[in-house]
Each structure stands twice: as C-alpha cells, then as structure tokens.
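Keeping the supplied structure of chain A fixed, place chain B upon it in accordance with the hints.
Taken in order, these protein sequences are the chains called A and B.
So that you can map any letter, position 184 of the first sequence is 184 in UniProt numbering, and since no number is skipped, the others follow by simple counting.
So that you can map any letter, position 251 of the second sequence is 251 in UniProt numbering, and since no number is skipped, the others follow by simple counting.
Treat the hints as calculated values from the structure; they're not laboratory data.
Honestly, I wouldn't trust all of these hints.
It does not matter which identical chain is meant; a pair holds if it fits inside one copy or across any two.
Calculated lysine-lysine pairs in the DSS-like style (CA-CA distance at most 27 angstroms, straight line) [stated by the list, open to error]:
#1 439 <-> 330
#2 439 <-> 420
#3 358 <-> 420
#4 154 <-> 212
#5 358 <-> 330
#6 154 <-> 330
#7 330 <-> 212
#8 212 <-> 358
#9 91 <-> 154
#10 154 <-> 439
#11 420 <-> 91
Keep in mind that this is a model prediction, so the values were computed, not measured.
Number of protein chains: 2
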Amino acid sequence: MDLIARLRAGLPGEAILTDPDVTGSYANDMASFCEAGTPAVVVLPRTVEQVQHIMRTATELRVPVVPQGARTGLSGAANASDGCIVLSLVKMDRIIEINPVDRIAVVEPGVINAVLSRAVNAHGLYYPPDPSSWEQCSIGGNIGTASGGLCCVKYGVTAEYVLGLDIVLADGRLLTTGRRTAKGVAGYDLTRLFVGSEGSLGIVVRAVLALKPEPPEQLALAAEFPSTAAACEAVCEIMARGHAPSLLELMDRTSVRAVNDMAQMGLPDTTEALLLAAFDTPEPAADLAAVGELCTAAGATQVVPAETAAESDLLLQARRLTLTALERVKSATMIDDVCVPRSRLAEMLDGTAAIAEKYGLTIGVCAHAGDGNTHPTVCFDAADPDESRRARESFDDIMALGLHLGGTITGEHGVGVLKKEWLARELGPVGLELQRGIKQVFDPLGILNPGKLF
Amino acid sequence: MDLIARLRAGLPGEAILTDPDVTGSYANDMASFCEAGTPAVVVLPRTVEQVQHIMRTATELRVPVVPQGARTGLSGAANASDGCIVLSLVKMDRIIEINPVDRIAVVEPGVINAVLSRAVNAHGLYYPPDPSSWEQCSIGGNIGTASGGLCCVKYGVTAEYVLGLDIVLADGRLLTTGRRTAKGVAGYDLTRLFVGSEGSLGIVVRAVLALKPEPPEQLALAAEFPSTAAACEAVCEIMARGHAPSLLELMDRTSVRAVNDMAQMGLPDTTEALLLAAFDTPEPAADLAAVGELCTAAGATQVVPAETAAESDLLLQARRLTLTALERVKSATMIDDVCVPRSRLAEMLDGTAAIAEKYGLTIGVCAHAGDGNTHPTVCFDAADPDESRRARESFDDIMALGLHLGGTITGEHGVGVLKKEWLARELGPVGLELQRGIKQVFDPLGILNPGKLF
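One chain only, chain A, in its complex shape (with noise of 0.2 angstroms):
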C-alpha cells in the first residue's frame, strides 16, 4: 500500500501498526454517543523530523489524520476516521527541562499529567492542572481539549498554563509560537489558539508550560446540605466573601449514594448535597472554619472539617470515584459538561433535576462548584433503546438549560463529535464562519483530525 510505503521511508518499523486487531484499539476515546471510523495504520513516532514525514506524507497523499493522546478524552475529538492515520504522541514523552528560576517545564506532549506533577513536586513546584484522569491522560491531550480538574477554581485551567508550543503543521512544516519568558504581546496570540482546538490546527510536539511554587498540603471540609439550592447558596455566598478555596466540589444525592454503594465509605446518605471545599493557604483550619460557618448561615445540616491530610484524603476520595461509582447504576453513562456562572448554579441543578424527572432517567450531578461547572451524568441501560434515546434528548435538554443560563456547552471536556451541532449553536453563523475561516489558514486541505468541533 503507497501510504504505509511513503510512512516505512521516514518511520522505523515498530513506529507503524496495520494489524487491524491492533490498529483498532486506537478508535475510541472515552466518550459515548460518538462514531468512530475504521484507521488505515496507527503511526507511533518519537522524534519531531518523524512527525513531519508523516504530515508530508499525509498532506502528499490528502489522507486525514488523527492526533491522540492517552484517549481519556469525553468528547470523542480523538475517534478515528475512516482511512486515516492515527497520529498517536505516546511515545514522546520525555520531560525536556525543569527550571526552578523561570518556573517552566518543557515537555513532550506525550508525558502523563502526573508524571509531570510528580517531577516538578520534586524541584517545590506545581503543574496544577489536575483533570480526573490525570494518572492516564497526556499533556498533548490535556493542550488539545484544553482540560482542567479540581485545582480550576484557584488555579485556572491548562489553557493559563501553556506559554509556548512547537507545532508541526498540515504539511510538515515546523511553527514555534509563544515564549519561555513570563510576559510576552509579539502578535496574535497563537499559544492559545492551539489549546484547546482538538488536533485540528496542527500537531503539538513540545510545550513551555507555566508552574507555580508548590502550595502547602491542602485541607477540606465536608458540608451536608437539605437541598442543592442550600448548598448553591454556600457556594455564592464562599466565593463573593473573597475566600480563595483550592476545591470546591459538589456531589448531589444520587452522587453520594453511587460512592457509598460502592465503597462503602460512610459518607451522609440521606443529605440532598454534599459540598466539599479545601484550602492550600497558610492556615487553612483558620479558612475552613470561616466557610463552614457560611456553610452553616446557609443551611447545612452538618460541617466536617478535616484535621489532618489523611482525613481531608479521604473525603476528596469520595469526589475523585464519584464517576467511577455513578458508571456502576446502570450499564452505560453519559456525562455532560456544562459550564454556568456560578450565581446560576442553583438553577442549573434544579433544571437537571426536573430533566431526570421529565425522561424518567437517573442523572447524578457533580460540579466543580466553585466554577459554576456541573457534570450531569445521566445512568441508561445502553441494551433499552427507549431509554437510550431518552438518555440523548436530556443530554440535549442538559445543554440547552446550560446556554438558556448564560453558560457554554463545555467547561473543559471540549466538542469532540458529541458536541458539534451544540457548538454551532453557542458560536452563532458569525463566530462560526471565522472559527472555519482560521481553520482553513492552518489546514487548507482539511486533512487534521476532520470531522471534529465543526
């Protein structure tokens, strides 16, 4: 076949996979609801001039290619094509550098999240973004759909991290943009173009990432809520007292109940919320209490603070298995991903609740609450078409209530294929149109990553 030739003439042989057995463990990302074509070869590069022969190639032939990560992703940006390459950066994954004085690292887009977490801890540094599966995802990846996690609601997202990238382009061609330097204005803003555009622009092959000094250990209180709306109020009110917490994370009835079925972990089963919140500053028992009494002012029926990092472990414990317990109700999940100012965050909750009542359906929520951003995840037995279908018109309804309150379609999941006719719907024809417009400047022949976000 001419293009696995064309590819064997810059890539060594292990480089290149063609077993359909093996290439087709590189389809899927981790989202539902998402097509994933048939790849023509899986291409396994770990040198910049390899991905530039492959894009040559690519761009020789008119072939799509497909960048991937770790695949942890939620919106299916990283699903095969029919025919393509799949472009994957897992073996470049070396951290380059590691500068305490201008607090950067330079990396490879392969690199685990925590990998790197643990590396810069190391020097007394933090890379604090932080998305749920930063044990498996990629640097690449989390650049790519512009990730984020827990840290967001003090520390922001990957976006506010990235200050310079090495891109290789459609054709092959090598683009620097950015900076290692703190501060920098030299022309449109290309850094920030490329996080979060999913693979579509060109190919991420190094990255100038941001740090920050490692903070102290954080510390986090667990609050019991009668009602989502009580615990939203918290919320407000802990965010507009100017308190900075490190986390503040929401999990709701059905959430609470999904984690102590599987774990056992004796959390308060018959609360309607549980908010969660947690301090890296100097004396956070000092914070804490401050939040708890907001807490209280607001309505909780019970504040837990935790007095030593194991306690405050196992709290957030709870947090981090909340989607793994919620993908236990039934044989399939479906999670959403909107993002509301977080005055509306009471009545997005409400909204969810009565779409689970309308469709019949179990949605548990949890929301990095601080941010405003939620993550419903409707539980559906994938095997009941009906209930499949009913689960996809709430997973509509979802984002239609997330607009309707003046939020957008994805906080930090990204569009993917689950959410292309959405985003069509957040830019309008005019922020569509120049989205396009920017994309046929970076690929003109539409060979990277097709299909995804418009």
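Just chain B now, with coordinates in the frame of chain A:
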C-alpha cells in the same frame, strides 16, 4: 465629502470631528520614532450601532480605520494613517455590571483603568492589570495592546482577565466571543486572539473581565545592591524559593539618580541597583523578612523594609516616577520593553550597559524584574541627529540582545509601528505567514489599522 456625509447618516453631529486642528491632535499615541499620517475624520461613537455604522461605511468606501483608546500606548499602534477614520472609543465608557458572586465586570472599552479599579474595589474586588498609565489608559487600549504593569509578577497580564468580548468586525457585523463563566472551551479561543491584536482584527465594544478578591494592602521593602548582577541574583533566589511577591521591581543607578534629581526622594544615590519587593499576603512582614535575608545573602548592602502602608507607598512612588524622571535627563526618550527569562536578567542588564557604553548614550533601566521584563530607556537629544541615530541603533541592539537571550521584543507594550521589522524576526517566516492568514480572515479588505504589526 462622501465619507463625512455617509458617516453623518448614522452618527450625531458632535460625534464627527473634521477640523484639521482638532483631528491632528488625534494623530499619535505616545511612542517615539513612529510616523503618523493625517486622519480624514475623527469619530466618537457612543453605541455599538454607531460603531457598526462606521465600519459598514468604511468597508463600503474602502477607507482605513484606526481604533484608538486613550492614546497612551508606546508603540505607535494607535497612530493615524493618511486619510483614515480615527475611531476613538473614549465616549463608550460605561461600567455595565460588577458581579461579586461571578467575580466579573462588564465594561465598555473607553472605561479608564483606574476608574474600573476603584469601582470594583468598592465591592471588595480587584482588577489587577496596572500599567504605569493606569490613571489615563482605557480598558479597550489595555486589551488592544495586552498591557501589563507592576502587578504581573503575581497576577499576570491583561490577557488573563478577559473572558469574553463583543466585537464589531470590519464589515460591521457583531461578533460575540468567550463567556461569562469561569471556564469554557467551546471552539478556538477567539477572545484571546483579540487581546494584543492592536485593533487589526475588529473593534472591541464590550468586554467581560474577570476579577479577583481584593488582597490585603501590600507592604514593600527596598534593597540596595553593589551591582545589577547581585540584584538579579536576589531576584532569581526569591522566585526559585517559591515566594509570591505582589511586586518585584529593579531600578538601575541611572534611574535612581534621575528620580532623586527630580523629586529629592533621598534614595541612595550611590547604589548600583535598587530592588523593590512587596507582598500582599496575610503576613507581609514575615515574607519581607525572608526576602530581605535572600537579598543580604545575594550581596545587598542595605535592606529597608517598610513598616506601614505609607512607607511602602513612598518606596513605590520612586518606581512609578522613573519614566517621568528619565524624560528630564535629555530632550527625548525612547523606551524599550524586552522580556527575557528571569534567569537571563543579569545578562540582559549587563548587555544593556555595554550597549550604552558602545554608543556613548545614557540608558536608564527599570525592570519588572520578577517577570524578566526590562524597560531600557534611551535618553538623548532629539535635536542632535547623530545622537538620535545612535539612540535608534542602540534600540535595535537591545532587541537583538533580548532575542539572543531567549526573550521577546515586547513584554507588554506591543508592536505597533515601532517594532514591525522585529516582529517578523521574532516570529520567523512560518509564524508571520500564519499571522497574516488570520488577519485576512477577519479583515479581507485590509482596512483595520493598516501598517501596524506586520
């Protein structure tokens, strides 16, 4: 004249200025060595619809449009072209909303930075970006030039506070980008593309800005050093040890003397470098003590911590007066804005001193040292052609040195007319081609601020 008549069809009479004596005063921002043309007309719209009318007219008649804020910029980005419409946004100066729960402000572009800062302070909130011109400059100008300031070492630049924009495009259509939410990854980040685009992609008519809780009042110290290298060593140690100063500024001997000459502030006239550090933490005195020790270890001959906010203000006033003081040294100044990795700051300062010596010039340097962002300010006699030529050449040497040290030609002042050739050098041909492609998407007729950036 057809242009004026067309403009009158959608603008009140007082919004159109045509008297050449008046319009001539809108020809320039505050940059040196930048040519400016003669505008055909100055328009001062008060509504989005008026801006749309102006842009539709400009598109129909193919007339260039130069957007302007308060014209405090330092790169000529707001300079008029011959026959252009100067579109001044200063009359669109409403603060539309301040929301403490969502921690956002919604503003029109003409709002003065200091006016917004004070307005949000009244709600216990903080809008960090604080360019030296903050009492005069407008938020729209800050967005257009991606302004920085003294706060950046802890709080980052303007770009990090712009969540969403309303933009009137070249053809008069309205584009809404971004969001009101804390997070959001729906499509390419067009918001960020506009920040620092110097009016070359569209007209910002409304902005959603992120706010922070108001921090405690900062407390500062001053440390005298026997060399800039020793002061830079202290800067590196402070940052490597994980400190988070709210300000970390350096003044070289020339700057210190200029301030003393102007304001008789009693600064140590014999010092080679003065370092100013401040903390807005809960216990600033403890942080200052730790930083003071690092300064002493790096060779500081004297360390003076302020004990009150009033003492801090006095120390910081010296820094705020530096540019004004340097402007009194000779008849003209030319201020540069090179940013290097902070680990290279000492080399940047030593190299700048060598350049001053080579050209026989007085170059005072103040620096946002914590960011590696230096402002070498060439003081020269504009009436002396040879000295003017040497000033211009030294300026080029300084930018070349910045790039050589892994830095950028502009940390926060932008490109405008002043650094066009240098932008091309920093970006390289591939980057430049893509930037031009983006410009073409938004402004196919090339009527928006032509001749700026590239």
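>> Under the constraints set out in the numbered hints, which ones does this structure not fulfil?
In response: Those not satisfied are hints 1, 6, 7, 8, 9, 10, 11.
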